[in-house]
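Build the full structure now, drawing on both the sequences and the hints.
With my numbering, the residue at position 242 of the sequence shown is 242, and numbering never jumps.
By construction, these hints were calculated from the structure, which means they are not laboratory data. The structure presented is a predicted model; accordingly, all values stated were derived computationally and were not measured. Careful, some of the hints might be misleading.
Straight-line C-alpha distance at most 30 Å; calculated DSS-like pairs for lysine-lysine [said to hold, decoys possible]:
no.	residue 1	residue 2
1	K145	K215
2	K215	K135
3	K135	K145
4	K182	K214
5	K135	K186
6	K214	K135
7	K101	K145
8	K186	K145
9	K215	K186
10	K186	K101
11	K145	K229
12	K214	K229
Label pairs and their computed distance ranges (CB to CB) [claimed, not checked]:
no.	residue 1	residue 2	range
13	Y250	A207	26 to 32 Å
14	P158	E180	30 to 36 Å
15	G32	T57	28 to 34 Å
Ideal Cβ positions, reconstructed from N, Cα and C, are used throughout, including at glycine.
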Amino acid sequence: MMMNSTTEKQDAAARRARVMSSHDSVVFSGDGEPQTPRTVIERLSAMLEADELRPDTYSLGGNVEAFERRMAEQLGKEAAIWMPTGTLANHLALRRHSGTKARVVLQEQSHIYQDEGDALARLSGLNAIPLAGGKPYFTASELQKAIDLSVTGRVLNPVGAVSIESPVRRQAGQMMPWNEMKSVTKLCREAGIPVHLDGARLYMMSAATGIAVKKYTELFDSVYVSTWKYFGSPFGAILAGPREFIEGMYHDR
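Below is the structure:
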């Protein structure tokens, strides 16, 4: 009787997992439908049976390259590269943008500043300059002050890149308002400072505001999008930008 009871519970749990992973489910919290090892394997098996999988070599070629091309087109950028994590995508983007200019301006509440173990400094010698403490976004005037401070001190420390996360996970998904985003990115262009979008949840933001994804991405030199949040991938990220920016980045990946 105990074995039957255990088996019944296991069967019920399996049925619940299948229901939760179905395309008909509606998820009101988190970053998309829950994933289980079973659902991931089932989807990969279905692709294999349909002969939709093409091999890659260390994430070069095959389905990976086709996916990169499709995402570049979706995001309105010349090129894109798949990354295993969003943390790596953000890091490599800011490192390449900054070059020898070691300051990176970002939100104090951003994932890069709060949740990545000071990786910018530890791995790439970049100094994170946090703005808008406890708030979801900084304003163009706050950014202007940070830029002015970086070039008026006794020792020149120019800003090499600006990063904007929107929506902001630590601020319950609050977004930088569209007009403020335009003002901030315009300031960056005028100052000759590359600006990167941590758009892990970009498609959620677009759905909420009604502003097209490409309208957002055209404001930025580079953009990262998560592929497991709401897209159903078990992991991964896409980093998109100009062709010369993306070219050769697989060596760093």
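Structure-based check of all given hints:
For the hint pairing K145 with K215, the CA-to-CA distance comes to about 27 Å; that is within 30 Å, so the pair holds. Distance hint between K215 and K135 is fulfilled; the C-alpha atoms sit about 24 Å from each other, no more than 30 Å. A distance of roughly 17 Å separates the Cα atoms of K135 and K145; the hinted pair therefore holds under the 30 Å criterion. The hinted pair formed by K182 and K214 meets the criterion: a straight-line CA distance of about 13 Å does not exceed 30 Å.
Under the criterion of a C-alpha separation no larger than 30 Å, the hint pairing K135 with K186 is consistent with the structure, at around 21 Å. Note on K214 and K135: the hinted pairing holds, with a Cα-Cα distance of about 26 Å set against a maximum of 30 Å. For the suggested pair K101 and K145, the alpha carbons sit about 17 Å apart, so the restraint of at most 30 Å is met. With a C-alpha separation of about 15 Å, the suggested pair K186 and K145 falls inside the 30 Å cut-off, and the hint holds.
The suggested pairing of K215 with K186 holds, with an alpha-carbon distance near 14 Å, which does not exceed 30 Å. Proximity of K186 to K101 is assessed by CA-CA distance (about 20 Å); at most 30 Å being required, the pair is judged to hold. The hinted pair formed by K145 and K229 fails the criterion: a straight-line CA distance of about 34 Å is larger than 30 Å. Under the criterion of a C-alpha separation no larger than 30 Å, the hint pairing K214 with K229 is consistent with the structure, at around 19 Å.
With their beta carbons about 31 Å apart, Y250 and A207 fall inside the hinted range of 26 to 32 Å. Distance hint check: the CB atoms of P158 and E180 are about 23 Å apart, inconsistent with the given range 30 to 36 Å. G32 and T57 have their C-beta atoms about 30 Å apart, which keeps the hinted 28 to 34 Å range intact.
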